[in-house]
Amino acid sequence: MPPVQHHIPEDIVQAYVSGRLPHAFAVVVAAHLSLCDACRATAEAQEALAGAALDALPSDAAPDADLRARTLAALDSVEALPREAMPIPAPAGIYPSAVMAELGGRPPRWKSLGAGIRQTILTAGPEGSVRLLYIPGGKAVPDHGHNGLEMTMVLQGAFQDITGKYARGDVQVGDPDLEHTPIAMEGEACICLAATDAPLRFNALVPRLLQRVFRI
Amino acid sequence: MEPEAIAGALSPPTEWLIAVRDRRDRAAFGKLFDHFAPRLTAMMLKSGMTRAMADDLVQDVLLTAWTKAGQFDPSRAQASAWIYRIARNRQIDHLRRERRPLPDALALPEEADETDAAQTLALDQEARALRAALEKLAPEQRQMIEQSFLGDLTHTEIRERTGVPLGTIKSRIRLGLERLRHELKELR
Ligand SMILES: [Zn+2]
Chain A
-17 MPPVQHHIPE DIVQAYVSGR LPHAFAVVVA AHLSLCDACR ATAEAQEALA GAALDALPSD
43 AAPDADLRAR TLAALDSVEA LPREAMPIPA PAGIYPSAVM AELGGRPPRW KSLGAGIRQT
103 ILTAGPEGSV RLLYIPGGKA VPDHGHNGLE MTMVLQGAFQ DITGKYARGD VQVGDPDLEH
163 TPIAMEGEAC ICLAATDAPL RFNALVPRLL QRVFRI
Chain B
33 MEPEAIAGAL SPPTEWLIAV RDRRDRAAFG KLFDHFAPRL TAMMLKSGMT RAMADDLVQD
93 VLLTAWTKAG QFDPSRAQAS AWIYRIARNR QIDHLRRERR PLPDALALPE EADETDAAQT
153 LALDQEARAL RAALEKLAPE QRQMIEQSFL GDLTHTEIRE RTGVPLGTIK SRIRLGLERL
213 RHELKELR
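Protein sequence lines, in the order shown, are assigned to chains A and B.
Just so it is clear: in the first sequence, position 87 is 69 by the numbering used here, and no numbers are missing.
Just add 32 to the spot in the second sequence (first one is 1) and you have the numbering used here.
Since the hints were derived computationally from the structure, they do not count as laboratory data.
Small disclaimer: the values here were computed from a predicted structure and weren't measured.
Any given hint could be a false lead.
What the hints assert, rightly or not - To give an idea of the interface, some chain A residues facing chain B are shown, with a C-beta separation under 7 Å as derived from the structure:
(1) H5
(2) V9
(3) A12
(4) P45
(5) T53
(6) R100
Ideal placement from N, C-alpha and C gives every residue a C-beta, glycine not left out.
Sequences are here, hints too, so could you generate the full structure?
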């Protein structure tokens, strides 16, 4: 597999590490870190700094002696617990574990948007949404974000627009002002993980996507 | 098991965590508790938790460290960075009632060899230098870094990052990181 060409900007990696990235984007970052050693190293360097900041905090806020005793006493019962109450799903096929977790450990249940394009909404909330998109080779990628930030990562196949070619692992961080029409490259269908912070309007969404699709 | 060459050469919390990982050493766990519990408490309180919630989470984080110690790889992280990650994960799971998306786990080396030992030592030294550099920062910059990593978990307004200049907090963090990087270069 050729190395990843399009990475997560460092400020977004930092927002992820510090836990301040909205969930939808955190899914994309976690998926990218799974496939990109360079960005994983950036994240772990940020964690080193965070750890240094934690270490440098004053140590005078002593927890009560009782907490120490209770924690040490709990070691035996913790040892007896199963490894993980809610196991994190393993990666499966093209889907990293962060995506499998959103899928609840099951394969995606695709909904047709017409023209061979399919989607699976993973999460949608007031802070943003993340979905999987399936675009047959040669078709335009539906415009999934409106006046918000978009992050699109390729899981399978590739797409191309004026800013370049995006293959497995590559992330496009979309500027809402950027006029671009990504097209899935010929061959294998393109499967993308797409997050946006624009609210989803379920009723309006499908017709708008179809409009877009039928323009091609 | 870490090769003998580096035993005793690493930062004490990292040594304790290795002892917990390799020998289920309860005395070492007690030391980890004494070192991290006050700092984690300060972190939880900074992010707006009540004292009772903070106590619960501090216990939770340290017990998680005990059960997951087998995943600790000192050639990639010092104890402080590893504990930080667990603490943030648990805070997010708890406060947002959602599972934080995590990258795929990397396979751990079967047996640490000489190369790992050298890497572990180099990483530990670099992290110590980073800590020293952090302490040399102007209080304002240090506070920005603290606020960013240890403060409350309000969502970053990343929408602003496109087109709009970064806010002052972000540019200060950047400035702080840049200065840290330069400090580190000089120390190398
Ligand atoms: Zn990357």
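Okay, the hints, checked on the actual structure:
| no. | hint | result |
| --- | --- | --- |
| 1 | H5 | holds (6 Å) |
| 2 | V9 | holds (4 Å) |
| 3 | A12 | holds (4 Å) |
| 4 | P45 | holds (5 Å) |
| 5 | T53 | holds (5 Å) |
| 6 | R100 | violated (22 Å) |
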